[in-house]
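Protein chains: 2
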Amino acid sequence: MKERELIKQIQRLVGSDSGELLQGIGDDCAVISKTTDTAWLLTMDTLLEGVHFDLDLHPPEQLAEKSVAVNVSDIAAMGGKPLFVLLSLGLPRGFDEAWFGRFSSGLARALEDYGCLLIGGDTVASPGPVALTLTVVGEAQVSKILYRSKARIGDSIWVSGPLGLSAAGFELLHMDRVTPELQPLIDAHLCPRARVDLGIKLAGSDLVHAMMDVSDGLATDLAHLARASGVGARIFADKLVPHPVLIQAAKMLEKDPLKWMLQGGEDYELLFTAMPENRDQLVQLAAGSGLCLSQVGTVVSGSGVTLVVAGRAGGTDIREIPVSYQGFDHFQDDESGSNEAAVKFGDYQ
Amino acid sequence: MKERELIKQIQRLVGSDSGELLQGIGDDCAVISKTTDTAWLLTMDTLLEGVHFDLDLHPPEQLAEKSVAVNVSDIAAMGGKPLFVLLSLGLPRGFDEAWFGRFSSGLARALEDYGCLLIGGDTVASPGPVALTLTVVGEAQVSKILYRSKARIGDSIWVSGPLGLSAAGFELLHMDRVTPELQPLIDAHLCPRARVDLGIKLAGSDLVHAMMDVSDGLATDLAHLARASGVGARIFADKLVPHPVLIQAAKMLEKDPLKWMLQGGEDYELLFTAMPENRDQLVQLAAGSGLCLSQVGTVVSGSGVTLVVAGRAGGTDIREIPVSYQGFDHFQDDESGSNEAAVKFGDYQ
Chain A
12 MKERELIKQI QRLVGSDSGE LLQGIGDDCA VISKTTDTAW LLTMDTLLEG
62 VHFDLDLHPP EQLAEKSVAV NVSDIAAMGG KPLFVLLSLG LPRGFDEAWF
112 GRFSSGLARA LEDYGCLLIG GDTVASPGPV ALTLTVVGEA QVSKILYRSK
162 ARIGDSIWVS GPLGLSAAGF ELLHMDRVTP ELQPLIDAHL CPRARVDLGI
212 KLAGSDLVHA MMDVSDGLAT DLAHLARASG VGARIFADKL VPHPVLIQAA
262 KMLEKDPLKW MLQGGEDYEL LFTAMPENRD QLVQLAAGSG LCLSQVGTVV
312 SGSGVTLVVA GRAGGTDIRE IPVSYQGFDH FQDDESGSNE AAVKFGDYQ
Chain B
12 MKERELIKQI QRLVGSDSGE LLQGIGDDCA VISKTTDTAW LLTMDTLLEG
62 VHFDLDLHPP EQLAEKSVAV NVSDIAAMGG KPLFVLLSLG LPRGFDEAWF
112 GRFSSGLARA LEDYGCLLIG GDTVASPGPV ALTLTVVGEA QVSKILYRSK
162 ARIGDSIWVS GPLGLSAAGF ELLHMDRVTP ELQPLIDAHL CPRARVDLGI
212 KLAGSDLVHA MMDVSDGLAT DLAHLARASG VGARIFADKL VPHPVLIQAA
262 KMLEKDPLKW MLQGGEDYEL LFTAMPENRD QLVQLAAGSG LCLSQVGTVV
312 SGSGVTLVVA GRAGGTDIRE IPVSYQGFDH FQDDESGSNE AAVKFGDYQ
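Protein chains in written order, with the numbering used here: chain A, 12 to 360; chain B, 12 to 360.
Take the hints with a grain of salt, since some may be wrong.
Intra- or inter-copy, both count: the list cannot distinguish identical chains.
Under the rule of at most 20 Å between Cα atoms (straight-line distance), these lysine to any residue pairs were calculated in the SDA-like manner [said to hold, decoys possible]:
id, residue 1, residue 2
1, K19, E72
2, K45, E31
3, K250, G322
4, K270, G322
5, K250, T317
6, K250, I332
7, K19, F106
8, K92, G30
Keep in mind the hints are simulated off the structure, nothing from the lab.
Please take these sequences and the hints and turn them into a complete structure.
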């Protein structure tokens, strides 16, 4: 049984809607109404040793921070404010006390950074790998929540920051090719930031139609967004401007930075669509959060995601390459990509 | 580092209270206010292959049902109604398709039985054991929620059904000593029922002061309740009447049924305290749920839990044996007890 089949089977378990459930499986978070105007957002993600992280390479403080960030990012992706965290912690018997002390301080820092309270969970002495499962509860105004299913034809497609950094950092770490100038890539992989403030601003602005976070790579996540919205999407290769440090790493490892940007996962930037005429307002709004938006494509009719590549030497020949769902699964062929084995129920609709 | 220290360290991470958090770490569920009158109850528990279950002994349907029941039981323990489930499912690559089909149908049945909707989660291809982490969200009237910390001196101590069945079933299964007449013990272990209806009735009755569920054994869970309430508790050995099938199993395995009843875990019965004069009303109320309550002890001043044993041959000499926290940890000395490695944050206060 393929993972896709498994997810489909689980999705069939979803019962008939209750009045309080505004969004079940199928988006970054489930949405339950709280009052007439407000709703809770709920998300749950697991990080597993050997699948999502390597204890030898991931400092415990940053592992704790990442485990919070990847869950909080799902709240941010719908424009919500994270509030409460539940943590299930599977640790081997006789685990290292110093390691746990450092993990705890990273956890405390992440909770403080994101303004969250730890409210429950459990610990299990695991015979297997270290396992971190978190549930994060956030809150949002019902009318402001941004879903991935609301993109409109003609919308511009935006990302909230540089792409591919985490994927490059992952490769550098695993190839033991870390240098001080490449540290931003390592940091992006070990300790990503969830874009909570920007998500709330975008949701409040009424300028954005659809939003999600980029966790499995632009090509895959944009394909999710396009499918959920019943539209197609074009990414313009010349709009995917690599971060200078990404170019450096690509040269060193003889890789194509575009591939990291398209197919690399764990960016945790926001991916959203908005009418083209809102461009200036959006750029200004993000600048207030210290982030630099990139407009990378356009929502079109039809289905699927294509990469639009201009002809060589300034020619007029333009190629459109299908790239839907070219995320970690393909990346994995390069013996990289840490995240391909984890799939949210929402990911195969 | 002992597990107890680990839990304490995690508890120190709990930030200052927010207005919305009515109960953080320290009870069966966290409680967050929803409206002025209503609250959400949240709980998270992990079942891990090799710790909580053995794939060779646990049919997949019943494993799925148990994973829902043990979480729903925490909602029941505070008098809430379960509503929503998030599931993180860690399965080995190349897992058995037929196994998963059976697991899915058990999950669907449990969701239906308890009136819950599956609203999110993720799947992870695990290099380690099968891992099931669930978060269950329930709802309750704020004024009706029953906490473990409200027992009062003089209260009677009640349990909602027979104790020790699951622990005996666990031993029988692992010793391959299953016979048809002992099947109720096997069922109690493989597929416990959460006492949702009774929990809601007890909470609504205004007859009960404190409540929790019995997941780690009466001696341990009553010690939690007593400590949280700042009181002591006495269990009367002659009130611990073993279930007839438990007596049969005890004879067969040459065990003391009292030990299973006191120290065995995973009963998932409700443990609660109420004024002695409410006895008849409580018995009647439970009868409506098809359950037979037992009054097993009394809340006293002081601290800790003692077992009161009458002298032999009808003598007047009475012994009081301290039994606080004699749950799975001690049980483990007998090479039994499946659950000792999993500890909720609330368990070491």
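Under a CA distance limit of 20 Å, which applies to K92 and G30: within one copy, between copies, both, or neither?
This pair counts as between: shortest inter-copy Cα distance 15 Å, intra-copy 23 Å.
Using 20 Å as the alpha-carbon threshold, which applies to K19 and F106: within, between, both, or neither?
between (37 Å within a copy, 16 Å between copies)
With identical chains, the pair K270 and G322 could be close in the same copy or across copies; at 20 Å between alpha carbons, which is it: within, between, both, or neither?
Within one copy, since 18 Å is at most 20 Å while 79 Å is not.
Please work out whether the CA atoms of K45 and E31 approach to 20 Å or closer within one copy, between two copies, in both situations, or in neither?
The answer is both: 8 Å in one copy and 12 Å across copies each meet 20 Å.
Within a copy, between copies, both or neither: which one fits K19 and E72 at a CA-CA cutoff of 20 Å?
between (35 Å within a copy, 18 Å between copies)
Within, between, both or neither, where K250 and G322 count as close if Cα-Cα is 20 Å or less
Classified as within; 14 Å inside a copy, 86 Å across copies.
Within, between, both or neither: K250, T317 at alpha-carbon 20 Å:
within (13 Å within a copy, 72 Å between copies)
At most 20 Å between alpha carbons: which applies to K250 and I332, within, between, both or neither?
Answer is within: at 15 Å inside a copy they meet the 20 Å cutoff, but 75 Å across does not.
Hint compliance for this structure: no hint is broken.
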